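Read top to bottom, the protein sequences are chains C and Z.
First residue of the first sequence? That's 1 in UniProt numbering, and the numbers climb one at a time after it.
First residue of the second sequence? That's 1 in UniProt numbering, and the numbers climb one at a time after it.
Honestly, I wouldn't trust all of these hints.
Pairs count within a copy or across copies, as identical chains cannot be separated in the list.
[What the hints assert, rightly or not] Derived pair list, reagent style BS3-like, types lysine-lysine, alpha-carbon separation capped at 27 Å:
| id | residue 1 | residue 2 |
| --- | --- | --- |
| 1 | Lys456 | Lys557 |
| 2 | Lys569 | Lys422 |
| 3 | Lys156 | Lys569 |
| 4 | Lys245 | Lys352 |
| 5 | Lys156 | Lys557 |
| 6 | Lys173 | Lys37 |
| 7 | Lys173 | Lys113 |
| 8 | Lys507 | Lys245 |
| 9 | Lys507 | Lys182 |
| 10 | Lys257 | Lys456 |
| 11 | Lys422 | Lys352 |
| 12 | Lys557 | Lys182 |
| 13 | Lys414 | Lys507 |
| 14 | Lys456 | Lys245 |
| 15 | Lys352 | Lys507 |
| 16 | Lys422 | Lys507 |
| 17 | Lys245 | Lys170 |
| 18 | Lys37 | Lys569 |
| 19 | Lys182 | Lys37 |
| 20 | Lys37 | Lys352 |
| 21 | Lys245 | Lys414 |
| 22 | Lys245 | Lys422 |
Source of the hints: derived by calculation from the structure; they are not laboratory data.
As the structure is a prediction and not an experimental result, all values here were calculated from the model.
2 protein chains.
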Amino acid sequence: MREYSCVHRGRAEPLDLHLAMFLPTLLNQSSPEQMEKFFIPAWNLDIIGTYAQTEMGHGTHLRGLETTATYDPATQEFVLNSPTITSIKWWPGGLGKTSNHAIVLAQLHTQGKCHGLHAFIVPLRSMNTHIPLPGVVVGDIGPKFGFDEVDNGYLKLENVRIPREHMLMKYAKVEADGTYVKPPSAKLTYGTMVFIRSMIVGEASSALAKSCTIAIRYSSVRHQSEIRPGEPEPQIMDYQTQQYKLFPLLATAYAYKFVGQYMNQVYHRITGDISQGDFSELPELHALSAGLKAFTTWTASEGIEVCRMACGGHGYSRCSALPDIYVNFVATCTYEGENTVMMLQTARFLIKSYQQASAGHQLSGIVSYLNESERRLQPQSVSSRPTVVNVNDLASLVEAYKLRAAKLVEVAAKSIHQELQKRVSQEDAWNNSAIDLVRASNAHCHYVVVKLFAAKLGEIGDTGVHSVLSTLALLYALQGIQQHSGDFLQTGLLSVPQLSQVSQRLKELLAQLRPNAVALVDAFDYCDEMLNSVLGRYDGNVYEHMFEWARRSPLNKTEVHESYHKYLKPLQAKL
Amino acid sequence: MREYSCVHRGRAEPLDLHLAMFLPTLLNQSSPEQMEKFFIPAWNLDIIGTYAQTEMGHGTHLRGLETTATYDPATQEFVLNSPTITSIKWWPGGLGKTSNHAIVLAQLHTQGKCHGLHAFIVPLRSMNTHIPLPGVVVGDIGPKFGFDEVDNGYLKLENVRIPREHMLMKYAKVEADGTYVKPPSAKLTYGTMVFIRSMIVGEASSALAKSCTIAIRYSSVRHQSEIRPGEPEPQIMDYQTQQYKLFPLLATAYAYKFVGQYMNQVYHRITGDISQGDFSELPELHALSAGLKAFTTWTASEGIEVCRMACGGHGYSRCSALPDIYVNFVATCTYEGENTVMMLQTARFLIKSYQQASAGHQLSGIVSYLNESERRLQPQSVSSRPTVVNVNDLASLVEAYKLRAAKLVEVAAKSIHQELQKRVSQEDAWNNSAIDLVRASNAHCHYVVVKLFAAKLGEIGDTGVHSVLSTLALLYALQGIQQHSGDFLQTGLLSVPQLSQVSQRLKELLAQLRPNAVALVDAFDYCDEMLNSVLGRYDGNVYEHMFEWARRSPLNKTEVHESYHKYLKPLQAKL
């Protein structure tokens, strides 16, 4: 297992779900007997498993999943079925060709009643021949945007019988006679989701940090055009537009690193609380993790493409590594909870909190700013309130982001209220306000990121490091204001002259960061082997290695490619 | 040749540059003797050629190209060389393995002087064996983001001698003794660039139209979650967030179609003028085409990814066709003039026009709005001027976009002015204002698109078509205002209450378009064969065909994949 993790560093592989989902799920949800029977062989790679939840017709909405597991007390077995085409399991990594087992999520039916989704261990292939077992229709789902090395699969179950002991029974149980025993708390599964999403935020940081490393190093190697006539072509890093593309992304990569660290810390703290039966902080963390997962993966995905295009034509070559970073990372916008759905989950928590505050409850935690919103954000006060933001002071900017979030939560809450006044249902009012809700969640997450970045500075003792990270934090905060200037103007948080100050200050910060840019990406500490990018080489020796890389292209195995003999020559002869 | 164009409809191929660049360049720049010698064999596909301009170290900045063609009067030959590693020709499509000739752009040296870039016909491979000729080092540059079917290549020339008659001599000439004869006008090549960029704007429309067709059809097939409890899962098209993602893109696809048509018309009109020696409109069209190429390719690329992600997990499968549309289209942001460079070219024209207007010259054409800017956009007038925009009236919105462009051109011009006052050089002042310049070009292009969309409505007689296209145009204009609300607030063109009206009106327009959405993509008239997308099928029979598509996956050729015997089984045996 140790050796395994080094095969392709940082790339997805067929055994990923075995390691990241199958083993942990066994560990968390097995009874002691199941640990013995399944976990040990799985640890030894005799059993290779995956986690089969998503179906062809059903993703985010778990209640919509159609696969059934019906208990037959006569034989003490569950009978698993894919009753429709849309119920075929679809997407699980390693399912197509690699796994011989899967944890299958299915609607549990016993004694004539459906008890919702439960997890079952289903053997898929013969342990001797690897041939699919009777009733198991399994295969690869075909080529994708990325994840070339992973056999994402489909699984159709046709009256597949498994012993009763194959249901994961640590929490819920089905007894021999078919009696269903409920799990103690539904909130237990929240924790895993929070953990996975905090991991994804960390990945957003890494993917962006790698992309910045490649683009910023290459921008210091590449010379192009001229700024001053007659002088040699400057490094493209000297163009203001190039700095404006890359430095805010560099700041973002640092910001997300701190956000990921924070989420991980909070997760571990709260896990401790949970084990002592205290679930009080879980809803907030769950809501926050959903929104931050969406917020960071969207911006990081866009950022990777900006880095790629900032490398010009060579960014389009796979020798840059950027195409691969993009196609593999962008999937995070869709998996583990589609991003828009995630934003709406966060919004649900924000609106609930807003309503509690409006009803006079004192909120605590990160949404406590909503306590003040009723008082401070009266419509008439917008234009009359003196603008207090200082665009050179990070604490003041954190405050501005907070008030923006408060205002946008209020706008969304008011939209729902207005819709309800038109006598539409609660659900339609929600859907008719969804644009505003996503906007509010975005503003909330943006506030959290700026706040955590500012908080991180307080932990840094080294004055040099503190100074350069402060510049990055200010750049991050100001660029967000420029990009969303409408929000800040609309809420009266900034004046028009202040916005011009922001523009001016941003340009100064870019120039200020220029000499440190390469050092700031070197500090991410990705070795060449990890980056696997000709453009991002530490030694800057790009062009020679690009030529070398090209000469190894599969098409160059022969001087005259077979297509000449097969197609071109016959075509020329015919004409 | 006729058959050829049907092999892979709409996909890039090794012979593309032969058809799109090699033949047209021969046609436009050959002497009559060269037509005879090269064009006829090329037309018959005996000669297969490509167009080799870009070098490993040099793209946009043509003066930086390093390949040399030195005339040797003793033998009446040109000697071609790649003097450095960065001078190796890089990227030309079909160069790697397919072409036996190339038009090579090289710095012409004769009688001890360099006369800049000229085009030379260079034989690369034996006409009998297809083996590279002596001194020609040629091959494929390796895998890329997309364009899998194209052998983009490299070419290193080592003292390759070609007869004098291989220089394309319709305009510039080198006589037998080495005397250089200048071409009549440098502006002649502008026309081709304008033409190619207007084609790219058309492609932006097509790529986005295809993506919208796939995403909107699939959103009517896919059911997910619930809006109202107890009711069946709704079509995902019924979610406001989904409409907000897709309908503005649908409007954009229509807008760009009209912009592409307009550019093509203007190009043909101006080509007529040029042939009569009238170049007066060319600079404006050249500048406009650069900016619109960048503006439309950036937004369309982002839009394709929005469409893809709007299809959830299945959008990530290549069965959706969206990954392929993206990787092949996004290259347009980089080729034929990198987008930021394009935006700065447009900005150069805008600033020049602004300065002319400031100096009292009366501008004509599309920049005539800059005539008014000095008078109307005094800083003190911003807050005092009554806001006249009517958010329900397209003509009024066109006016608002115009004033925004005028304001942002002014901001950029003032930034340059301020920099100059700090006593920096003209060139540094330009570079230190580049962010503002790109912003001004964006606003200018956005204005042109809205204006052309509005103008198109005037040509439509059918009331039903006029009505639905008016809705799309209004949606396009209002969504742009919402996205750039900071600009409109900052310039005092809109008030805060009007911005809320814009939000409200946008939501109404989405609901209004919902019943027509599928008809509006059907109207693009892409047959299933052209879309090649399981999700975008006209009959909506998505899931069955997805299963069928998956079963044909290369990995499914055998039930037990060779990787089991090769890796898994030995690994299990070892542990």
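Hints and how they fare:
1. In the homo-oligomer, the alpha carbons of Lys456 and Lys557 never lie at most 27 Å apart, since the shortest distance is 52 Å inside one protomer and 53 Å across protomers.
2. In this assembly of identical chains, Lys569 and Lys422 lie within 27 Å of each other by CA distance neither inside one copy nor across copies; the values are 72 Å within and 65 Å between.
3. When the C-alpha separation of Lys156 and Lys569 is checked against a cutoff of 27 Å, the pair qualifies only between copies, where the shortest distance is 25 Å, while the shortest distance within a copy is 47 Å.
4. When the C-alpha separation of Lys245 and Lys352 is checked against a cutoff of 27 Å, the pair qualifies only between copies, where the shortest distance is 26 Å, while the shortest distance within a copy is 37 Å.
5. With identical chains, the CA atoms of Lys156 and Lys557 are at most 27 Å apart between copies only, with a shortest distance of 18 Å across copies and 42 Å within one.
6. In this homomeric assembly, Lys173 and Lys37 come within 27 Å of each other (Cα to Cα) only inside a single copy, at 17 Å, whereas the closest approach across copies is 84 Å.
7. In the homo-oligomer, the alpha carbons of Lys173 and Lys113 lie at most 27 Å apart inside one protomer (14 Å), although the nearest pairing across protomers, at 89 Å, exceeds that limit.
8. With identical chains, the CA atoms of Lys507 and Lys245 are at most 27 Å apart within one copy only, with a shortest distance of 12 Å there and 32 Å across copies.
9. Taking the closest pair of Cα atoms, Lys507 and Lys182 never come within 27 Å of each other, the shortest separation being 60 Å inside a single copy and 44 Å across copies.
10. In this homomeric assembly, Lys257 and Lys456 come within 27 Å of each other (Cα to Cα) only inside a single copy, at 10 Å, whereas the closest approach across copies is 49 Å.
11. Taking the shortest Cα distances, Lys422 and Lys352 sit within 27 Å of each other inside one copy (21 Å), while across copies they are farther apart (54 Å).
12. For a Cα distance limit of 27 Å, the shortest separation of Lys557 from Lys182 qualifies neither inside one copy, at 63 Å, nor across copies, at 44 Å.
13. Only between protomers do Lys414 and Lys507 lie at most 27 Å apart by alpha-carbon distance; the minimum there is 15 Å, versus 38 Å within a single protomer.
14. In this assembly of identical chains, Lys456 and Lys245 lie within 27 Å of each other by CA distance solely inside one copy; the values are 24 Å within and 35 Å between copies.
15. Taking the closest pair of Cα atoms, Lys352 and Lys507 come within 27 Å of each other only across two copies (23 Å); inside a single copy the shortest separation is 40 Å, beyond that limit.
16. Taking CA atoms no more than 27 Å apart as the test, Lys422 paired with Lys507 passes between copies only; the shortest distance there is 15 Å, against 48 Å inside one copy.
17. Proximity of Lys245 and Lys170 under a CA criterion of 27 Å is satisfied in neither setting, with 51 Å inside one chain copy and 42 Å between copies.
18. Proximity of Lys37 to Lys569 under the C-alpha cut-off of 27 Å is restricted to the inter-copy arrangement: shortest distance 21 Å between copies versus 62 Å within a copy.
19. In this assembly of identical chains, Lys182 and Lys37 lie within 27 Å of each other by CA distance solely inside one copy; the values are 23 Å within and 86 Å between copies.
20. For the identical chains of this complex, Lys37 and Lys352 are neighbours neither inside a copy (45 Å) nor across copies (78 Å), given an alpha-carbon limit of 27 Å.
21. Taking the shortest alpha-carbon separations for Lys245 and Lys414, only the inter-copy value of 22 Å comes in at or below 27 Å, while the best intra-copy value is 36 Å.
22. Taking the shortest Cα distances, Lys245 and Lys422 sit within 27 Å of each other only across copies (25 Å), while inside one copy they are farther apart (45 Å).
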